[in-house]
Amino acid sequence: MSSSRVPFIPLALLLLSLTPLRASAVVTVYFSPDQVATLVNSGVTSDEITCNGYSFTYTRDKLFTGGTGTVIGRPVRVTWPTGIEAQYVTTGPNPSKAQITVKRVDGAVFALTSFTAKLLANAGAGRAIEIVPLLGGQELLNDPLYFDVTGYAGNSFSYDTTPNPWGCTAPLTGYDEYRIGLTLDYALTALTLTDDSAPLGVEPGPAAARTSGLSLSPNPAGGPVRIVDALGVAAAHGRLAVYAATGARVRTLTCDGSGLATWNLDDENGRAVAAGLYFVRREGTTRAGDVRRVVVMR
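The sequence shown runs -25 to -1, 1 to 273 under mature numbering (1 follows the signal peptide of the UniProt record, and there is no 0).
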């Protein structure tokens, strides 16, 4: 392992690097006719689409037979861009509740600011949508957040950051994945996602363009870390350096033609690094946005 040391970075600058730079929020509001969805995966009981830099995975009761002995699946009542329908999976290898998972394609954190859910079956009393926020694949809350949907098929329920005993989205910020589940069919017909930067692949506005730092996912990491340089094509073939908390250089990475790099949690000799805190820095600069931390878990 190389014993070279990280160039001097003022303490205040290093501390700034531990959290994302704040900028004017980038708000993405779904659903509208001009939002084109791309199917990226069709599973046994789910589908995944991407749109405007976000990924949506939603359950489908594709193996439903209706007692006919032939797989016919269940029809979809709410289709893009009207919304996204999640179906309760009644048959197949893994019967499960209706669920929609929302992530950024680049793996960065964001906030689920508001949503409207429409019931597609009678919920009755005491039924609630459960939202589980995750960071780096880990559930950090002891329990899901609950949003009451007591009602009948066709009823809609809207929630946002306003304090509300029946559900409030204010805690749903700073996570990289949200799993939205209900034990019956439902659809999201409105959804607002908020972040400090435009998702990868989305042309940034002036505010997002000012955030030219690095993003890492997953973080904390137990496997390969995907590093995205927000400078995009301008960072193609640029060099990134990984340092241990002691300041020793651990690994040097080179971005590909689209400004992406992957760190396999190894050193220059291919040996796995120990669990702990590491820093990834864009070489040649010392700005706060050019340094990001990553926690390695073993």
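Fair warning: there could be bad hints in the mix.
Derived DMTMM-like pairs: lysine to aspartate or glutamate, alpha-carbon spacing no greater than 25 Å straight-line [stated by the list, open to error]:
no., residue 1, residue 2
1, K72, D22
2, K37, E105
3, K72, E114
4, K37, D22
5, K37, E23
6, K72, D9
7, K72, E105
Derived Cβ-Cβ restraints for the label pairs, each shown as a range [to be verified]:
no., residue 1, residue 2, range
8, G101, P70, 38 to 46 Å
9, P50, E243, 52 to 60 Å
10, N239, G126, 44 to 52 Å
11, S71, M272, 36 to 44 Å
12, M272, D231, 24 to 32 Å
13, G213, T43, 51 to 59 Å
14, G101, T227, 51 to 59 Å
15, S131, R268, 17 to 25 Å
16, N139, D9, 24 to 32 Å
17, G232, T54, 20 to 28 Å
Source of the hints: derived by calculation from the structure; they are not laboratory data. Just so you know, even glycine gets a beta-carbon here, dropped at the ideal spot from N, CA and C.
Hints and how they fare:
| no. | hint | verdict |
| --- | --- | --- |
| 1 | K72 with D22 | holds, 15 Å |
| 2 | K37 with E105 | holds, 23 Å |
| 3 | K72 with E114 | holds, 18 Å |
| 4 | K37 with D22 | holds, 10 Å |
| 5 | K37 with E23 | holds, 14 Å |
| 6 | K72 with D9 | violated, 30 Å |
| 7 | K72 with E105 | holds, 10 Å |
| 8 | G101 with P70: 38 to 46 Å | violated, 22 Å |
| 9 | P50 with E243: 52 to 60 Å | holds, 56 Å |
| 10 | N239 with G126: 44 to 52 Å | holds, 49 Å |
| 11 | S71 with M272: 36 to 44 Å | violated, 27 Å |
| 12 | M272 with D231: 24 to 32 Å | holds, 26 Å |
| 13 | G213 with T43: 51 to 59 Å | holds, 58 Å |
| 14 | G101 with T227: 51 to 59 Å | holds, 56 Å |
| 15 | S131 with R268: 17 to 25 Å | violated, 41 Å |
| 16 | N139 with D9: 24 to 32 Å | holds, 31 Å |
| 17 | G232 with T54: 20 to 28 Å | violated, 36 Å |
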